[in-house]
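Q: With chain B's structure known, arrange chain Z on it following the hints.
Number of protein chains: 2
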Amino acid sequence: MKKSIFLLLGFTFIAGSLFAKETEAFPYLMPEEKPDRPLSAAVERNYDYLSNRPAQNELFTQFKYTELKGFDYNDGDGTVTRRDPSKVIFANGKYYVWYTFRNTGHKAIGMARAKEATDVIPSADWDLADIYYATSKDGFNWEEQGVAVPRPPKPQPGWRSVTTTDILVWEGKYYLYYQAFMEASGTRGDFCPVAVSWADSPDGPWTAANKIVIPNGAPGEWDQHSIHDPYPLVHDGKIYLYYKSDFDTRPDKKPTKVRMQGLAIAEHPLGPFKKHPLNPVINSGHETTLFPFKEGVAAIVQRDGMEHHTIQYAEDWVNFEIAAITELLPIAAGPYIADAFTDTRDGRGITWGLSHFTNAAGDWSRNHSILVRFDCDLSQDIHDDQLKEHYIKFSPEFHYSQGLSSQQLERIQNENKVLQESARGGGT
Amino acid sequence: MKKSIFLLLGFTFIAGSLFAKETEAFPYLMPEEKPDRPLSAAVERNYDYLSNRPAQNELFTQFKYTELKGFDYNDGDGTVTRRDPSKVIFANGKYYVWYTFRNTGHKAIGMARAKEATDVIPSADWDLADIYYATSKDGFNWEEQGVAVPRPPKPQPGWRSVTTTDILVWEGKYYLYYQAFMEASGTRGDFCPVAVSWADSPDGPWTAANKIVIPNGAPGEWDQHSIHDPYPLVHDGKIYLYYKSDFDTRPDKKPTKVRMQGLAIAEHPLGPFKKHPLNPVINSGHETTLFPFKEGVAAIVQRDGMEHHTIQYAEDWVNFEIAAITELLPIAAGPYIADAFTDTRDGRGITWGLSHFTNAAGDWSRNHSILVRFDCDLSQDIHDDQLKEHYIKFSPEFHYSQGLSSQQLERIQNENKVLQESARGGGT
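Top to bottom, those sequences are chains B and Z. All residue numbers in the first sequence are consecutive under the working numbering, ending with 428. All residue numbers in the second sequence are consecutive under the working numbering, ending with 428.
In isolation and in its complexed conformation, chain B is listed as follows:
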């Protein structure tokens, strides 16, 4: 008797709990930790982000843009380009940045016309370029200092163009990694390996290692054609160099290629670099932009791929997850990263850097690129409510500037007509 009452009470208690669990709605105050209750896939996922509210997410930010002072573009006639800035470093009491500089007297004729390119007529905007550098006291006003790494004589790697550089500081020395072109871009694609030069001072002089330090993959491998945007950081006592490659070229698909990012690791700046067996490690993005964040590394992933418009995070520096989705991300960004080379275990993040616009002219006939400053709050050290706003209103006029083409208007008119006719019992 006693036993059966106990069982009955027990059963009632269990049934009551089950019933409560089935009917209880999600609470008004969102639990800080994932609650132990049935959750939709979306709410489940919301708890897997670094924070479950964008404004409290250290890796969510808006981006602000400011025109730079100090660079001359020859009235924007297309003969002068500055693009693909390196990370910004602080040394000798000032900021330094390196970048692709083209001053060819001729406009770039386009990759599609690469066969018409000559020793003085560039194909792509980054053809026949050298690596220049500039310094600044405030990050807004820059003084161009001149060439850092010029194109070496033929047949050394980069004789055609040296571009898209990035900086490493390692044991008191400076290393510039860069794309080393040995043909005009567009000849077969945008094919190149990576070379490196080093110096004892950020002001040079720079000594070319005169070798390919990150080679293209073997035929059939994802990075067989291009190693773009070499981007070195220091982690775990080693050089972690991220890079981008174009692959999966399929003439039947638009766009015809896929861009992803890989990782190569070395114990010394001149190599050998060992490519990570899980490459590619980032599935989207056009250029490489990363920075140490907490124990891991964060990446700005823009423009190309399924996960464009995101900030991603990899605690193990290899397996990246989406940390935030945002908008107006900087293109080819080179941030100022105080702890890029300190082998930090608590990366502080970034608040600004340089990026570029490749549509500076607004029309193809004067096409060239310009450097620009971006600001953001991807930092543990600042908390800027304005940069954490997740709802920026753009003007109606800006939206209208994204208007329909005449082909699209024609399609819509046809669809309307078909619908009208079917309503009248007509049919087509």
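Quick caveat, the hints were computed from the structure, so don't treat them as lab data. Any given hint might turn out to be false.
Put simply, identical chains are the same to the list, so a pair is met inside one copy or across any two.
[Claimed, not checked] Calculated pairs, DSS-like style, for lysine-lysine (alpha carbon to alpha carbon, straight line, at most 27 Å): (1) Lys115 with Lys94; (2) Lys173 with Lys257; (3) Lys294 with Lys173; (4) Lys238 with Lys137; (5) Lys34 with Lys388; (6) Lys257 with Lys274; (7) Lys417 with Lys173; (8) Lys274 with Lys238; (9) Lys393 with Lys253.
A: Chain Z in isolation, oriented as in the chain B frame:
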């Protein structure tokens, strides 16, 4: 002897395979299906999307915007607002849309000043509003037909304002669901339940059911305060009505609330509606915009939350996953959905609809909202390369319009100063 040779050969074969697997790089031609090999988290995830290239993803699109003809906003002085369009339907040879219409003679004074609102002075932009409708032959030129559902007399649900309506067509009858305010928005928040009116024709007359059809949640439940943006579709022989609610109000956090979306299901348009036990089912977004797609349902998720700027998909109409990340998404969109109410098992998707801009005036003193047309390719039936472009270049000038505030400039100057001083061995 033979056996040992066999074993040796076998071992060599296995070792060879392992070795190949360890050293083989990811192939240049991306396998169509997820390959059986070690993959980074990012590449693994890339295979989990509907397509592994954005341009081939039926749920990826750009959005184009076109100004509408036919609506008078009293020179944009803030006294007239049109916002929160319903889905667009096609009936009687023309398109129909319903929307929140405010013509108060007074500008909205703002939710923060709700206590000063009167019977003729609106608090929010959507206070003291009625539901109006318009028709169009082409989707660009609209003729306002007048009121559909006016505010009922006090104390009926919606006596203060009826807003943010959406349309259902069910067994030859038309149903308008709408937010039924019984206080000026801002009094305690944006609190309201949902009411419904029905008609035999899209031109009315409309009969109010005179009851709350989707009630607020019980105290302590996530949707206790607001049931916003009721959005009915037909699935599985039932009415699937999605809605948005604001919750997790925490005065110590900015923004102070979280917005998610829930689902309520009914067998009849007048209810009873049963809220889904896994609510909320969408973790982000500001307004509800969904459409049947293939066997499931897709959602445009904009503005608020961790997963803003996405198109999401739920094969089971409940558990949503990110299908695409995009930009410039339409706000409060009401698409034209040919198969919204056909209980389709192969939803065709959408190509256009109406949305709104709440910043039509550009300044607060004349603040009001306007309707706008958006176009997109979220359809199985069109394939528009331009709308599938994943890399839209906005002008440098547009970026500069997202500039730094004076407080931000001050912070940056201070940071530069600290860095300069520490470089000089100074310190602060």
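Q: Each hint should be assessed against the structure and marked as holding or not.
A: Against the structure, the hints:
no.: 1; hint: Lys115 with Lys94; in the structure: neither (42 Å within a copy, 55 Å between copies)
no.: 2; hint: Lys173 with Lys257; in the structure: neither (37 Å within a copy, 50 Å between copies)
no.: 3; hint: Lys294 with Lys173; in the structure: within (26 Å within a copy, 58 Å between copies)
no.: 4; hint: Lys238 with Lys137; in the structure: neither (30 Å within a copy, 66 Å between copies)
no.: 5; hint: Lys34 with Lys388; in the structure: within (23 Å within a copy, 36 Å between copies)
no.: 6; hint: Lys257 with Lys274; in the structure: within (25 Å within a copy, 47 Å between copies)
no.: 7; hint: Lys417 with Lys173; in the structure: between (70 Å within a copy, 26 Å between copies)
no.: 8; hint: Lys274 with Lys238; in the structure: within (11 Å within a copy, 58 Å between copies)
no.: 9; hint: Lys393 with Lys253; in the structure: between (34 Å within a copy, 21 Å between copies)
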